[in-house]
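Student: Spelled out from the first residue to the last, the chains are:
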Amino acid sequence: KAGVTQTPRYLIKTRGQQVTLSCSPISGHRSVSWYQQTPGQGLQFLFEYFSETQRNKGNFPGRFSGRQFSNSRSEMNVSTLELGDSALYLCASSWSATDTQYFGPGTRLTVL
Amino acid sequence: AQSVSQHNHHVILSEAASLELGCNYSYGGTVNLFWYVQYPGQHLQLLLKYFSGDPLVKGIKGFEAEFIKSKFSFNLRKPSVQWSDTAEYFCAVNAQNNDMRFGAGTRLTVKP
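If you read the protein sequences in the order shown, they are chains A and B.
For reference, each letter of the first sequence is one residue, going 1 to 112 in the working numbering.
For reference, each letter of the second sequence is one residue, going 1 to 112 in the working numbering.
Keep in mind that the hints are not guaranteed to be accurate.
To be verified - Simulated DEER-style distance windows between Cβ atoms:
id: 1; chain 1: A; residue 1: Gln-54; chain 2: B; residue 2: Lys-111; range: 26 to 32 Å
id: 2; chain 1: B; residue 1: Gln-82; chain 2: A; residue 2: Gly-62; range: 43 to 49 Å
id: 3; chain 1: B; residue 1: Ile-68; chain 2: A; residue 2: Ser-79; range: 42 to 48 Å
id: 4; chain 1: B; residue 1: Glu-64; chain 2: A; residue 2: Gln-41; range: 40 to 46 Å
id: 5; chain 1: A; residue 1: Gln-54; chain 2: B; residue 2: Ser-5; range: 47 to 53 Å
Claimed, not checked - A short list of chain B residues far from chain A (calculated; beta carbon distances all over 12 Å):
id: 6; residue: Asn-24
id: 7; residue: Gly-41
id: 8; residue: Lys-49
id: 9; residue: Glu-66
id: 10; residue: Ser-70
id: 11; residue: Gln-82
id: 12; residue: Trp-83
id: 13; residue: Glu-88
id: 14; residue: Asp-99
id: 15; residue: Ala-104
id: 16; residue: Arg-107
id: 17; residue: Val-110
It should be emphasised that the hints constitute simulated quantities derived from the structure, not laboratory data.
Each residue gets a CB set at the ideal place from its N, CA and C atoms; glycine is no exception.
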């Protein structure tokens with residue numbers, strides 16, 4: 001069974017631009033969660049989607065948004081990028097939000 | 001809101017030494033508990049989890065963790081570490097119908 005895939009793997013943007021990251025969950029998984037990982041901060045929860053509905057959201061500004069499609073694939077969008085948005089963005093999928101999460105390789109975003 | 005604390009940011013051990021990484025959480029209700037590991041250059045992966053039953057759970061590669069409800073703790077242990085255990089370890093807590101919260105991570109360096 002294929003694992004969680006994320007595209008692109010690496011991205012370089014400049015301040016003020018916007019970016020869209022994509023995540024394809026493991027087949028059959030309906031829950032997709034997004035995290036921001038930075039050195040010293042660990043994993044910060046962004047949001048969780050289940051069956052196209054956002055069920056939980058972390059403490060991030062409205063510039064961070066996401067959506068989930070009917071095939072459970074998910075996208076995350078960050079508008080008006082800031083230098084502090086440079087991070088590894090991880091996607092994880094699971095059968096449900098409380099179950100074991102399976103992580104993708106992440107998208108390394110660098111904002112210049 | 002629930003939170004997770006990992007008290008050790010960086011632990012350095014020699015091979016064959018015993019390991020214990022602390023994890024405490026703040027949530028009074030029923031929780032699911034996890035330890036994830038991130039080896040250098042690899043995805044986050046599940047090490048072990050506790051949902052219910054025996055509070056002493058065993059995971060992969062000789063790791064185990066003990067859930068002590070009265071102390072809100074879920075410490076990770078290994079009797080004898082190997083150089084290949086060098087990685088970053090994350091404790092995570094998921095309350096029922098809530099998002100997954102991760103600790104800041106503990107970096108383990110095992111000297112050969």
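Student: State for each hint whether it applies.
Tutor: Hint-by-hint comparison with the structure:
Range check, A/Gln-54 to B/Lys-111: about 45 Å between beta-carbon atoms, so the 26 to 32 Å window is missed. The hint said 43 to 49 Å for the Cβ distance between B/Gln-82 and A/Gly-62, and at roughly 46 Å that hint holds. The hinted range of 42 to 48 Å is satisfied by B/Ile-68 and A/Ser-79, whose Cβ atoms lie roughly 44 Å apart. Judged by the Cβ atoms, the range 40 to 46 Å given for B/Glu-64 and A/Gln-41 is violated: they are separated by roughly 28 Å.
The beta-carbon spacing between A/Gln-54 and B/Ser-5, approximately 27 Å, falls outside the hinted interval of 47 to 53 Å. Here B/Asn-24 stays apart from chain A, with its beta-carbon at least about 14 Å from theirs, past the 12 Å limit. Consistency note on B/Gly-41: stated as away from chain A, yet its beta-carbon is not over 12 Å from all of that chain's, at 10 Å minimum. The non-interface label for B/Lys-49 is inconsistent with chain A: the shortest C-beta to C-beta separation is roughly 6 Å, within 12 Å.
Residue-level check passed: B/Glu-66 sits 19 Å from the nearest beta carbon of chain A, beyond 12 Å. The beta carbon of B/Ser-70 sits about 22 Å from the closest Cβ of chain A, which is more than 12 Å, so the claim that it is off the interface holds. Distance check for B/Gln-82 against chain A: the nearest CB is about 23 Å away, which clears 12 Å, and the non-interface claim stands. No Cβ of chain A approaches the Cβ of B/Trp-83 within 12 Å, the least distance being about 23 Å, so the stated non-interface status holds.
Distance check for B/Glu-88 against chain A: the nearest CB is about 9 Å away, which does not clear 12 Å, and the non-interface claim fails. Listed as outside the interface, B/Asp-99 is inconsistent with that label: its C-beta sits roughly 4 Å from the nearest C-beta of chain A, within the 12 Å cut-off. A cut-off of 12 Å between C-beta atoms contradicts the statement that B/Ala-104 is not in contact with chain A; the least separation is 4 Å. Not every beta carbon of chain A lies more than 12 Å from that of B/Arg-107, the smallest distance being close to 10 Å; the non-interface claim is violated.
Separation of B/Val-110 from chain A is adequate, the least Cβ-Cβ distance of about 20 Å exceeding the 12 Å criterion.
Hints 1, 4, 5, 7, 8, 13, 14, 15, 16 from the earlier list are contradicted by this structure; the remaining hints agree with it.
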